[in-house]
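> Sequence:
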Amino acid sequence: MLRKALYSAYSFLARSSIEALERASRDPDAAQAARLSAILEAAAGTRFSAEHSLSAVASPTDFRKAVPIRDYEGFRPYIEPMLDGQGNILTRERPFMFATTSGTTGKPKFVPLTDSFMSEYRQASIVSGFNLYRSYPGIARGRALSIVSPAVEGRLPSGIPYGAMTGAIYQKEPTVVKRWITAIPYEAALIKDYESRYYTILRIALDHRISLFYTPNPSTVSLLCRRLSRFAPQLIEDVGRGTLTPPGPLDPALRSAIEARLGASPGRGRELSLLLEKERFTPENIWPELAVISCWTKAAASFYLQDFPEFFGSTPVSDITYGASEGRGTVFLSPDRQLLAINSHYYEFVPEDEIDSPSPTVLGCGELEKGKNYFILFTTSGGLYRYNINDVVKVTGFHNRAPLIEFLHKGGNIFSFTGEKITESQVTSAMKRAVAATGSRVRFFTVVPCFRPEAHYQLWVEPEQAAAPEAGMRALAERFDFELKADNIEYETKRDSARLAPVECLAIEPGTYEKLRKHLTASGTPDAQIKLSHLNPRDDVRNFLSAALQSAAITG
0 MLRKALYSAY
10 SFLARSSIEA
20 LERASRDPDA
30 AQAARLSAIL
40 EAAAGTRFSA
50 EHSLSAVASP
60 TDFRKAVPIR
70 DYEGFRPYIE
80 PMLDGQGNIL
90 TRERPFMFAT
100 TSGTTGKPKF
110 VPLTDSFMSE
120 YRQASIVSGF
130 NLYRSYPGIA
140 RGRALSIVSP
150 AVEGRLPSGI
160 PYGAMTGAIY
170 QKEPTVVKRW
180 ITAIPYEAAL
190 IKDYESRYYT
200 ILRIALDHRI
210 SLFYTPNPST
220 VSLLCRRLSR
230 FAPQLIEDVG
240 RGTLTPPGPL
250 DPALRSAIEA
260 RLGASPGRGR
270 ELSLLLEKER
280 FTPENIWPEL
290 AVISCWTKAA
300 ASFYLQDFPE
310 FFGSTPVSDI
320 TYGASEGRGT
330 VFLSPDRQLL
340 AINSHYYEFV
350 PEDEIDSPSP
360 TVLGCGELEK
370 GKNYFILFTT
380 SGGLYRYNIN
390 DVVKVTGFHN
400 RAPLIEFLHK
410 GGNIFSFTGE
420 KITESQVTSA
430 MKRAVAATGS
440 RVRFFTVVPC
450 FRPEAHYQLW
460 VEPEQAAAPE
470 AGMRALAERF
480 DFELKADNIE
490 YETKRDSARL
500 APVECLAIEP
510 GTYEKLRKHL
520 TASGTPDAQI
530 KLSHLNPRDD
540 VRNFLSAALQ
550 SAAITG
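Counting in numbering that gives the first Met the number 0, the sequence shown runs from 0 upward without gaps.
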């Protein structure tokens, strides 16, 4: 009853944000112009404003003339002095922390987070949370299982902390949400040992009625469910006794803080033992109140949803909103409908095929076309102006006059030998259909371009079982080739003309994907940022996977 009352109160408090977004959607260009004006006014007096004459900007057109499009490397000369504590560079407001994320040059990115930026971000979260609750009212029956990474991973010489955006968002949540809505306490995010962290999350979750899985990365959800099966006997014993016995080391202070929240539940332990005995120890049965799993469901992430029916049965899976450390992209309206977060930041769009043009077409949100793909540019009160996050989004429709969008893939993640221009979205879509058609059980895959002896693509696959039959690998390679032709007419032409040789399939040792995730996590990559490419992976990932290849190439 208490949680239902909290959700009702939340709905009441969210009303003004919901109504404001609805009004803005009727005239998105005016709403966006106002948002830009507010951001630029707040930047007055900064070094960036002076260098770009932002005080003279009176319209979006002026803004485009005054400020060039930049990626993170273009902002690095401004951000590096901020890391040393210098102020008044990108914003008058000092960052309270820097969100860390991986950079394209190998050097990490430090994204400044200000209170104003977090307020912008939260506006979208408030409306999204209300609409998620309206779409799945059953989430009020229990708690949310969310996984975050540490907000403070270290401190810069200036004393300003740096860490994960997910942790920063958690820490900004109201106390009542952290106490009564969220199941997993922040201390769990601070556990350094990979296996102990997942074990502890599951141990805590088993004490609660879980009605919502809410975490961006579906592969994390899948790994958590596999750990549930692996650790079942010990978890059940811990629940009954009120203890915590993770498989690896646990800092005494963290252990003490977490154990203070645990209690002995002999009845719950017997209930779980019975489920295990009957081979029904899955999230669907353990948490019958589960109303929805909210995670990434589009683009490359969609491949990891194939195991969800095994864990969750018919429980709905809904796409989580599009966003990143640099900014919030969408607001959840309803399943498969995400609105550009027009009241949060200022956005511009470049047609996908024009991003490398010296004078690309730049469009406002009111000029977009349904079905078209665009690079999205962010301008935020955190200090990023016309920032190219290198994301390609697709316009799927409109709500009033404002665009509905979905994330497609990272820009530049395209490979071409002879003009076929294969994208990560295409290989993911083709692989999903190939797996379904052949009945293959695949944990992970990536496509690697090979130049010799003839240009062709290799399909590196981690099968469920240790010994993948050669016939099955050949069938998968053939079907993947067939499906890729269906998605890319240029690939079909190049294959039919023998300018590209057939796809080869190689097996990766089972367990490699988890080992790679563990390796990346231990190296400081936040869980939500582990996005392993399904096409032409970067060198360090390719080398890791290459060392685990266990078979010769099989041609389809």
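Because the hints were derived from the structure by calculation, they are not lab data.
A couple of the hints might just be wrong.
[As the list claims (entries may be wrong)] The calculated label-pair distances, taken between Cβ atoms and stated as ranges, are:
#1 279 - 492: 49 to 55 Å
#2 473 - 232: 35 to 41 Å
#3 106 - 449: 28 to 34 Å
#4 352 - 277: 52 to 58 Å
#5 354 - 539: 23 to 29 Å
#6 265 - 508: 37 to 43 Å
#7 136 - 73: 43 to 49 Å
Ideal placement from N, C-alpha and C gives every residue a C-beta, glycine not left out.
> Each of the hints needs a verdict: does it hold here or not?
Here is how each hint holds up against the structure:
Look at residue 279 against residue 492: about 51 Å separates their beta carbons, and that is inside 49 to 55 Å. Judged by the Cβ atoms, the range 35 to 41 Å given for residue 473 and residue 232 holds: they are separated by roughly 39 Å. For the pair residue 106 and residue 449, the supplied restraint of 28 to 34 Å holds, since their beta-carbon distance comes to about 29 Å. Taking the beta carbon of each, residue 352 and residue 277 are about 55 Å apart, inside 52 to 58 Å as hinted.
The hinted range of 23 to 29 Å is satisfied by residue 354 and residue 539, whose Cβ atoms lie roughly 26 Å apart. Our hint of 37 to 43 Å for residue 265 and residue 508 holds, since their Cβ atoms are close to 41 Å apart. Look at residue 136 against residue 73: about 45 Å separates their beta carbons, and that is inside 43 to 49 Å.
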